[in-house]
Amino acid sequence: EAQVTQNPRYLITVTGKKLTVTCSQNMNHEYMSWYRQDPGLGLRQIYYSMNVEVTDKGDVPEGYKVSRKEKRNFPLILESPSPNQTSLYFCASSLIDRGASPLHFGNGTRLTVT
Amino acid sequence: AQKITQTQPGMFVQEKEAVTLDCTYDTSDPSYGLFWYKQPSSGEMIFLIYQGSYDQQNATEGRYSLNFQKARKSANLVISASQLGDSAMYFCAMREGQGGFKTIFGAGTRLFVKA
Chain A
14 EAQVTQNPRY LITVTGKKLT VTCSQNMNHE YMSWYRQDPG LGLRQIYYSM
64 NVEVTDKGDV PEGYKVSRKE KRNFPLILES PSPNQTSLYF CASSLIDRGA
114 SPLHFGNGTR LTVT
Chain B
162 AQKITQTQPG MFVQEKEAVT LDCTYDTSDP SYGLFWYKQP SSGEMIFLIY
212 QGSYDQQNAT EGRYSLNFQK ARKSANLVIS ASQLGDSAMY FCAMREGQGG
262 FKTIFGAGTR LFVKA
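Listed in order, the protein sequences are those of chains A and B. The numbering used here numbers the first residue of the first sequence as 14 and each following residue consecutively. The numbering used here numbers the first residue of the second sequence as 162 and each following residue consecutively.
Keep in mind that the hints were calculated from the coordinates and are not lab data. Among the hints, a few may not be true.
[Said to hold, decoys possible] Here are the simulated DSSO-like cross-link-like pairs (lysine-lysine), alpha carbons at most 30 angstroms apart as the crow flies:
hint, chain 1, residue 1, chain 2, residue 2
1, B, K199, B, K263
2, A, K70, A, K31
3, B, K199, A, K78
4, B, K263, A, K78
5, B, K263, B, K231
6, B, K164, A, K78
7, A, K70, B, K263
8, A, K31, A, K78
9, B, K164, B, K199
10, A, K82, B, K263
11, A, K84, B, K263
12, A, K82, A, K70
13, B, K177, B, K263
14, B, K263, A, K31
15, A, K70, B, K164
16, A, K82, A, K31
17, B, K199, A, K70
18, A, K84, B, K177
19, A, K30, A, K82
20, A, K70, B, K234
21, B, K199, B, K177
22, B, K234, B, K177
23, B, K199, B, K231
24, B, K177, B, K231
25, B, K234, B, K164
26, B, K199, B, K275
[As the list claims (entries may be wrong)] Among the chain B residues that face chain A by a calculated CB cut under 7 angstroms, a handful are:
hint, residue
27, F196
28, G204
29, F208
30, R256
31, G258
32, G269
[To be verified] Derived list of chain A stretches under chain B, where covered just means 3 residues or more per stretch with a C-beta under 8 angstroms from a C-beta of chain B:
hint, region
33, 49–58
34, 94–108
Note that the coordinates shown come from a computational prediction; the quantities given were computed from them, not determined experimentally. All residues carry an ideal CB built from backbone N, CA and C; glycine is no exception.
With these hints in hand, go ahead and build the complete structure from the sequences.
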């Protein structure tokens, strides 16, 4: 089954404790991206990647890191989480073509930082 | 700069009636794509419909249609014959053709379908 797999689904952590949210897709998509969803703000892009070893900042990259060492994986790293990073996070992937390909989303990771 | 505006935080519709969810956008890029996604209470994001900036006809997918008015920069989603399962959050999104593959989202509209 074609899918984007995010783990974990729920995560509660404390301020400053490094964490990684994993994302993997099995559709051979070139493009992968991370979003955070907050009430009233919709989805805001954190980082995106056009291909292996090619990453770039989105609108809200502060406090996050990513890497794209393999085409299928795009982990999101929070080196020192803070309470303002409490949010619902989505990983998404897509083909890169003339732009018509929709994003395929993972099921989301609800992160709480205390 | 890219911008997507959804001015209806919440809407109610009677079952079996049609409903229009508003979306306006701003871009200076002549090549762009517009998307609508649905987010049920379970949280997943589901792609509904796509409209390209050069498409001559409005997109349709089953009960979903996109009312694309390019000059007004609007891309409203029309859901015909609403069903209880249509109760969800709906997001309008835009991807510009130039300068990368960035997709931005509006704040969303929560739709409630009444029996």
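Structure-based check of each hint:
| no. | hint | in the structure |
| --- | --- | --- |
| 1 | B:K199 - B:K263 | holds (19 angstroms) |
| 2 | A:K70 - A:K31 | holds (20 angstroms) |
| 3 | B:K199 - A:K78 | holds (28 angstroms) |
| 4 | B:K263 - A:K78 | holds (18 angstroms) |
| 5 | B:K263 - B:K231 | holds (20 angstroms) |
| 6 | B:K164 - A:K78 | holds (25 angstroms) |
| 7 | A:K70 - B:K263 | holds (10 angstroms) |
| 8 | A:K31 - A:K78 | holds (11 angstroms) |
| 9 | B:K164 - B:K199 | holds (19 angstroms) |
| 10 | A:K82 - B:K263 | holds (20 angstroms) |
| 11 | A:K84 - B:K263 | holds (18 angstroms) |
| 12 | A:K82 - A:K70 | holds (17 angstroms) |
| 13 | B:K177 - B:K263 | violated (36 angstroms) |
| 14 | B:K263 - A:K31 | holds (27 angstroms) |
| 15 | A:K70 - B:K164 | holds (17 angstroms) |
| 16 | A:K82 - A:K31 | holds (20 angstroms) |
| 17 | B:K199 - A:K70 | holds (25 angstroms) |
| 18 | A:K84 - B:K177 | violated (44 angstroms) |
| 19 | A:K30 - A:K82 | holds (24 angstroms) |
| 20 | A:K70 - B:K234 | holds (27 angstroms) |
| 21 | B:K199 - B:K177 | holds (18 angstroms) |
| 22 | B:K234 - B:K177 | holds (29 angstroms) |
| 23 | B:K199 - B:K231 | holds (23 angstroms) |
| 24 | B:K177 - B:K231 | holds (29 angstroms) |
| 25 | B:K234 - B:K164 | holds (11 angstroms) |
| 26 | B:K199 - B:K275 | holds (18 angstroms) |
| 27 | F196 | holds (6 angstroms) |
| 28 | G204 | holds (5 angstroms) |
| 29 | F208 | holds (4 angstroms) |
| 30 | R256 | holds (6 angstroms) |
| 31 | G258 | holds (5 angstroms) |
| 32 | G269 | holds (5 angstroms) |
| 33 | 49–58 | holds (count 6) |
| 34 | 94–108 | holds (count 4) |
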